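Participant: Read top to bottom, the protein sequences are chains A and B. Using my numbering, the first residue of the first sequence is number 1, and each one after it goes up by one. Using my numbering, the first residue of the second sequence is number 1001, and each one after it goes up by one.
Bear in mind the hints are in silico, worked out from the structure with no lab data behind them. Predicted, not measured: the structure shown is a model, and the values here were computed from it. Just to be clear, a hint being listed does not mean it is correct.
SDA-like cross-link-like pairs, simulated, lysine to any residue; straight-line CA separation at most 25 angstroms [said to hold, decoys possible]: (1) K295/A - G163/A; (2) K324/A - D1339/B; (3) K1503/B - A1586/B; (4) K90/A - G70/A; (5) K324/A - E1327/B; (6) K324/A - F1335/B.
Computed far set for chain B versus chain A, every beta-carbon distance over 12 angstroms [what the hints assert, rightly or not]: (7) V1107; (8) S1214; (9) W1256; (10) S1316; (11) R1352; (12) L1363; (13) R1382.
The beta carbon of each residue, even a glycine, is placed where N, CA and C say it ideally should be.
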Amino acid sequence: MAHAYTSGLRVSPRTVVSKTRRLPLSGQVVVQVGDRVRPDTVVAETYLPGPVHNVNVANALAIAPEDVPGCMLKQRNEPVEKGELIAESKGIFGLFKSSVRCPESGTIEMVSEVTGQVLIREPSTPVRINAYLDGRVAELLPGEGVVVETVGACIQGIFGVGGEVHAPIRQIVQSPDDEITGDMVDDRCTGQIVCGGSMITLDALRKLIEIGASGVVVGGMQYHDIGDLLGYQIGVAVTGGEDIGLTVVVTEGFGRLPMAERTFELLRSLQGREASLSGATQIRAGVIRPEIVIKSDRAEESPERSDSAGRGLESGSLVRLIRKPWFGEIATVASLPERPVRLPTGALARVLEARRKNGEIVTVPRANVEIVEA
Amino acid sequence: MIDPSKARVILATDCGSTTTKAILIEHRSGAYRLVVRGEAPTTVEAPFEDVTRGVLNAVREVEEQSGREILDGDRIVSPADGGRGVDIYVSTSSAGGGLQMMVAGVVRSMTAESAERAALGAGAIVMEALASNDGRLPHERIERIRQLRPDMILLSGGVDGGTKSHVVEMAELISAADPRPRLGSGYNLPVIYAGNVDAREDVARILAEGTELSQVDNLRPVLEAENLGPARERIHTLFMEHVMAQAPGYRDLMEWTHVPIMPTPGAVGRMVRVVADRGDIDVVGVDIGGATTDVFSVFGGAFNRTVSANLGMSYSISNVLTEAGLEAIGRWLPFEMSDADLKDRLGNKMIRPTSIPQTMEELVIEQAVAREALRLAFEQHRNFAVELKGVQQHRTISDTFEQQTGGQTLVDLMNLDLIIGSGGVLSHAPRRSQAALMMVDAFQPEGITNLAVDSIFMMPHLGVLSTVHETAALEVFDRDCLVPLGSCVAPVGTGSAGATCVKVKATAEGMETVVYEAPVGELAAIPAGEAEEVILEVAPSRGFDVGAGRGVSVTRTVRNGPVGVIIDTRGRPLHLAADADERVAALRRDYQALDTYPESL
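The shape of chain A in the complex, shown without the other chains:
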């Protein structure tokens, strides 16, 4: 059979993390390869073209569209100020002239002799992107951005909301099974990335926003709490631009789901350390996972590159079971039978045998596991 590849989520204590930081439009890169960067270091900048306003000069001057160019006092590409005269009719013997004033400051973008419209573009607005990671510039993408690289721990979540933040980690529960409830949230969480166990309540989420926590990383949460938090339901998993004052990353899924032990322990070991957190998720073409990245103390040492990404499913692989009846469990692949097997639903599917934590071997469709990548 062909190579069985099931993409998974990365939970690695030490790996090379690369991030491409790209401008939305072409612009200028302001750092060099090898530069040491902090998460808030600006690495590239550009200017977004300003909004466009149209003025129907032909109508305003009561002239034919083809006569508009001849009546323009300002020409294409010329800067104009709000209220400035931009066009004037010739009048009768120089008298009874009509005129048009500019509605906004900007530049004349276009003068149309077909429609009689004049377009004025407002000044550009600057857009800057920062490094997001604490690391070094590994590559320049001329005119577009850079690739920033660091060595450290990286944990990918399955779903998130909210943008990029940078703050210290604070674990506020004792075990992966524990819930984060409102009464656990206090001022010590302000400016922190709070990490928890199996679930976070809506009350706790609201309190975290109220006291100004930077983010939260948790095993599960209820799907409808997202709607309550955002004020609208998320229909497709494409997020990252939400502005709720808190970045939320869910590592396992929706519902009460204990955080994978390995994830929990790794976060515990990094308590107090500065981390970069992003809630941006795109479960569609061009998958983007929410993540938390913590630079290693020994980041300057020769980095070890992870080779597990993209590796196939094989006997001994650590997998996460992602569908009921064992949803959320971490298991080990015991075998990969060649022939399709009939499931309790009656469907025939390629399966694997997985060894659960209690030693029980269960049959699971290959589609229902996710490799836990180191």
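Keeping the supplied structure of chain A fixed, place chain B upon it in accordance with the hints.
Facilitator: Positioned in the frame of chain A, the structure of chain B alone reads:
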């Protein structure tokens, strides 16, 4: 490529957003037949970022199963020589989000709608339809064009010889927005102008510099007619030359295929049209995918396609929840479940889109969602598949009491002959009766309708193959692709519960004639054994119509299938009981009547 008529071995692939599916067709015992099918994950995304990897993996599966050597390293061997190689290789693609277009016209319900039809018919997802009368201010339109990064823009507007200022203004707005293509920044955005011929020069002057402008015949040369062919053809060409060429690995794939790669929905639509034309019948085809649901229809020879871009069974499953509502999904469940649990399960399917139901309960939930996704998608289709608007209507005195404006829907369920379902949730439903009932519940066919599914989602492959070898495509379609499920008899009318609604006499070869008298408000099935066809004599009661008028009997020959003849007297539109216990009891009875789920559920 060799002369297609001499081709004996054909390989076809469809690069979907998650899976690449390959099929091998061979000419055996006087006919073209499907030999094997293989599939592998699509590899457009990281870490591979090369679509050909997924294609090669899927083809390798085909090699292993068929014993035919097709690949020489990373090359497809062609032509065939004995047990090696293939004569024709074709492919479709919807990977990387498919073809995403923006269309613009002058009048929303006329040229903009025609442009939308042209883009949809070519297999695109229409991200936005702009029009001079869409109620937005010019700067709002400019902002919108800039925000969306389409693969292509189709600009139309004005009849030939008519006023040109509006369409030129639209061109000016596009130019001012300076739109950037979705994939890559190293090329100009393709813009197709298919509007008033008199405005061509002006449009060229405005758009030639910043875009890749091409001009084709006006898609609405006169108000009374559409001419969508040239715009569709150009969309296909540009899709290949500009859009696909930017996607990772597609340059290589384009060199491998013997005919241009088609957008997947474009190929499916072509196949639906071929089927309708051949049998001179009205057909509805539906393809329910993970992210989108496509509906195709041919009514009275008029082809329409709609894409419900956010109705799907995985990536968009939570959107089905948002649009249909929890109650609408829950009404199909024959068991109680808390709202929070149902929402969490759908949320989890959204974030793990490739997972499949492992328990019966999970299967029932997904099929409940599918009913709602199909229902909503079909509703959108009905509203879109309409007569041309803006056409002058000639009325006589006899029309006075039947006032109809232009733009009536073309979808006539009573005349519909065949529904073809496609997409994982229908094609791979563990029991065929599940697929049949999902379609009946969602589309609510009226009168007598044949039901079928695409066995293993081969319509895209056959659609693109039909461009080069129609005989092979149709032979495989009839023998291996289309799986007749049976038929549905659904009288329309009113009657009191329990009273006789319809009497159905079913006669088929190899079985005793069955006469079934169905009361109002039930679902039943007459199994018709192994016969290929069943002759139905349907006698509706006085208040009911099955196509010939109230109380008028109809005799019709229908295709048989594993589900037999479904008799649906639950009424149109379908109403489920408001009381939860009553509803659950009725669902259980209906599911049992069609042997839809095991009794243990």
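Participant: If a hint holds in the structure, say so; if it doesn't, say that too.
Facilitator: Right, here's what the structure says about each hint:
| no. | hint | in the structure |
| --- | --- | --- |
| 1 | K295/A - G163/A | holds (19 angstroms) |
| 2 | K324/A - D1339/B | holds (17 angstroms) |
| 3 | K1503/B - A1586/B | holds (22 angstroms) |
| 4 | K90/A - G70/A | holds (9 angstroms) |
| 5 | K324/A - E1327/B | holds (23 angstroms) |
| 6 | K324/A - F1335/B | holds (17 angstroms) |
| 7 | V1107 | holds (17 angstroms) |
| 8 | S1214 | holds (20 angstroms) |
| 9 | W1256 | holds (18 angstroms) |
| 10 | S1316 | violated (5 angstroms) |
| 11 | R1352 | violated (5 angstroms) |
| 12 | L1363 | violated (4 angstroms) |
| 13 | R1382 | holds (22 angstroms) |
Consistency with the previously given hints fails for numbers 10, 11, 12, ordered from lowest to highest.
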